[in-house]
Amino acid sequence: MAQLVNKPKTNLGPGFWPVTIFLAVLAIVSDYYVIVTPISNFLREAAVPANQIDDLFKFLTVVGNAIFIYVVGYVVYFSIAFRRPKNAPANAIGVQIHDQPQLEFWWTLIPTLLIVALAIFSVVIWRGLQQTQGDVLTMEAVGHQFYFEFRYPKLKASVRDEMHIPVNTPITLHVTATDVLHGFWVPEVRVKADMVPGLVNTLRFTPTTIGQYRIICTEYCGSSHGKMIAKLYVDSQQDFGKWFSKQANLAASGGGGATVALTTGQKDKGQVLFGQKCSTCHSVGPYDQIIVGPGLGHLFNDPAHKQLVDGKDVTPENIAYILHNGYQGQLNGHVAVMPSAQANAISNEDIANLTAYLVSLSK
Amino acid sequence: MAVATPRTTAPHAVLDHIHPEPESFVRKYIFSIDHKVIGVQYMIVGLIFFVIAGLLAEVIRVQLLHPDGRFLGGEQYNQVYSMHGSAMVWLVIIPLVTGGFGNFVMPLQIGARDVAFPWLNMASFWMFPPAGLLLFGSFLIGAPDAGWTEYPPISLLGPPGTSMWCAAIFLIGISSTLTGINFLVTILKMRAPGMTFTRMPLFVWAQIATAALSMVATTALAGALAALFIERQFGVPFYDPAKGGSPLLWQHMFWFYSHPAVYIMILPAFGIISEVLPTFARKPIFGYKMIAFSSVAIALLGFMVWAHHMFTSGMVPWLQLPFMILTMIVAIPTGVKIFGWVATLWGGSIHFSAAMLFAVGFIITFTLGGITGVYLAAVPVDLHAHGTYFIVAHFHYVLFGGSVFGIFAGLYYWWPKITGRMMNETLGKWHFWAAFISFNATFLPMHWLGLLGMPRRVSVYDPQFTFWNQFASVSSFVLAASTLLLFYNMANSLARGKKAGPNPWGARTLEWMISSPPPYYNFKKVPAVLALPYDFGNPLPYLGLDNPQAEAATPAQTGEPAAAH
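Taken in sequence, the protein lines are chains A and B. If you read the first sequence in our numbering, its first letter stands for residue 925, the second for the next number, and so on. If you read the second sequence in our numbering, its first letter stands for residue 2, the second for the next number, and so on.
These aren't lab readings, by the way, just hints derived from the structure by calculation. It is possible that part of the hints are untrue.
[Stated by the list, open to error] Okay, derived cross-link-like pairs now, DSSO-like style, lysine-lysine, Cα gap no bigger than 27 Å in a straight line:
#1 1155(A) to 1201(A)
#2 1166(A) to 1155(A)
#3 190(B) to 29(B)
#4 525(B) to 29(B)
#5 244(B) to 1230(A)
#6 1010(A) to 500(B)
#7 1201(A) to 244(B)
#8 1080(A) to 1010(A)
#9 29(B) to 430(B)
#10 1191(A) to 1236(A)
#11 244(B) to 1236(A)
#12 526(B) to 500(B)
#13 525(B) to 500(B)
#14 1010(A) to 430(B)
#15 1010(A) to 244(B)
#16 1166(A) to 1078(A)
[Unchecked claim] Restraint ranges, calculated between C-beta atoms of paired labels, are given here:
#17 138(B) to 1166(A): 53 to 61 Å
#18 1234(A) to 250(B): 48 to 56 Å
#19 1012(A) to 319(B): 57 to 65 Å
#20 1228(A) to 130(B): 36 to 44 Å
#21 950(A) to 475(B): 24 to 32 Å
#22 1036(A) to 442(B): 29 to 37 Å
#23 1060(A) to 320(B): 50 to 58 Å
#24 1029(A) to 442(B): 36 to 44 Å
#25 1086(A) to 475(B): 31 to 39 Å
#26 1211(A) to 468(B): 21 to 29 Å
#27 73(B) to 996(A): 49 to 57 Å
#28 1000(A) to 76(B): 41 to 49 Å
#29 1203(A) to 442(B): 51 to 59 Å
[Stated by the list, open to error] Here are some, though not all, of the chain A residues that point toward chain B, as calculated from beta-carbon distances under 10 Å:
#30 978
#31 1111
#32 1208
Note that the structure is a prediction, hence the values are computed from the model and not measured. All residues carry an ideal CB built from backbone N, CA and C; glycine is no exception.
Next comes chain A alone, as it looks inside the complex (with noise of 0.2 Å):
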């Protein structure tokens, strides 16, 4: 009959109360230095919800790391002090205790409640998220491979892979995209929202400090993901008003498609510019052969579309309307992803080369 060496005992052994009083003072010194520091110092708070989702990492990062100093502590205290000795005989065994049913309520029990803590706390702080706070302005931002889009209310043009916004102005951001999923971030602001072709998410923030921020895109998006980053300026009120009046007078100079000079447009020009710019989402098949807009191949002799997507008349002029204007009203019940002339950085001779060549394709 082998011997039990170890005999049963129920004390937690000599060295627990000290371990564990020393894994307190480790875990009240480690939390009082992550309460202390401010997650500033390591990454900018730029806008409101930045401090308040703070505040929350805070709180999982002091409970979380107790709870790791304690998981820890004890297996590297157990391990050692319960070790085999090396003349002790293999068979030796341990205590012979199945369970603790005081320990395992609390350590069910506390647990609980810190869950109970954090989720309370949680949903307080994306309360906050959802708040519409004025809307003082509300815009949107689109992504496409592989830049930023932004649109201004009373811009007429968007603007590429540049956002300003006034500081301490409540933001309201919609953001979609038009060819595949993209995901607008801006750490600084610690928020971020997927951007899904034919569906607007919406984040909200504030602005709070002066600034130049990079916008990253963090869903995939394809071979330039990763390069796919755009800057975000958070600027004085005096700053915003003269980038967007600056803005606004592009626009304007544009001039809805009139100084387009259409006749000088060259359709092998064209052709190349559209293999470029339009194929992804058109293809020169029938209205039916649709990529993400409709083919483009019969414009004009085309009987069941007499007219272009915003109800007008199928001519040149009204083509490079669309072309430097974009169009973003309804199409086939979806909100069209059309987009300007300066958000596809194409220039007016391009415009009229697009359109030489779509009137080709329709002879």
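Following the hints, put chain B in place on chain A, whose structure we already have.
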């Protein structure tokens, strides 16, 4: 001495009939219906895929040595990490923990001679290598490049191999579903007489929870994959918003499978840890019932939390709250398990074999992965951390520090049972320390890389992140090299390892009561089970063992012979 007449309630005529062992090489080793052979087949194929997918991981880290990513272009890089993730999840971890360890160990632990449907089991396995060939074969025609999640619409535009990916995952999904059904029936119907639910080893508890998850959840993935395949090949719009489809439909169906899949990957590892810890601490597992039931609780909750992967995707905002709170609740049964494992060490007589080191290392790394999981459950924090390297760090702590460390522990633990030979323990310990340190050095920095602004799935990154990326890359090279120690150890053991004997660790579950490797019929006489296996101070709780000397032959035998009762 064993009791001559076991107290069994099963009809003797059935139990006494032993099928003859197949004689031909093909029926013995290739198209075998023996669960042990199938288990080993899963392990061999799974480990081969592990090497390939691991090399793909190293390609990722080579690319990220430099912020400009000079090694590969964007397209190739995207294919590499997409294939790394897909292969690790579907060709490595799931097949190893269910098909591999589940097949080999579970029937032995419940005293069965095979699984309930051996032919189905063979069919399940033989879907696995073709699925792997299909998946890796997609490199020939342009591998999928939208990550292992393959979110549409970009996966609709992806390289031709994306359709092959769909077919491969569909196939491995069918295999996984069938294995789930097979194991569920096996555990429900084929336990040895006297093995009530609360006398089942914890690995069996883990497998029954996993089997139910595989059986139910994988069907959702199959539907999603079929739709993606049909849309790509035949243009029937399910997901393309331009044609009236919904990209979020895919996300819901994908995560309805893939969140439970996380538990399919981790619960069997929990099971492995729960076997290794008591064996080497020579102590009963602390809080057996709590650990067993928390497996079931985690499996049930696993079906109700999928949308926490989609907090930024776009859903009715209030819907975030139930998913957030249910996800946080998962932390409670998971915490109970962790505390139970830690308490199992307390007062033990701990022998640090390689298996035990990996089990103890698992507790530490998995705890960290679990804690960061709670961060991500909190919606406001997830809005910051989603889609960044924080996520990459989190799930590698769960899937490498959890599942793969569990697999390593299981390999060291059951290797003598599988092969009849011992591995070199010193080499195994070196493997542990090298892997544990380099694993943490690789993935710990990714937490702050992500929080400070590095998104995932990028082939280039901001130069401010260069140092920690290089640090992670170099550490990952060490991690890969450390795995060579395991493979050398296995080869060395097969060639000249010392004979193991039936029970080298002095363990008490049923698989250790028979010879190593086990005979074709497992148990000539099916033993009766009297109690839980983990009471090291008590006699073995089995009656009617084939080989009562099995116990006496072990160096670490602890109890009295069964005849004393």
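### Task
Hints the structure violates: just list their numbers, smallest first.
Hint check: 8, 9, 15, 18, 20, 23, 26, 27, 29, 32 fail, others pass.
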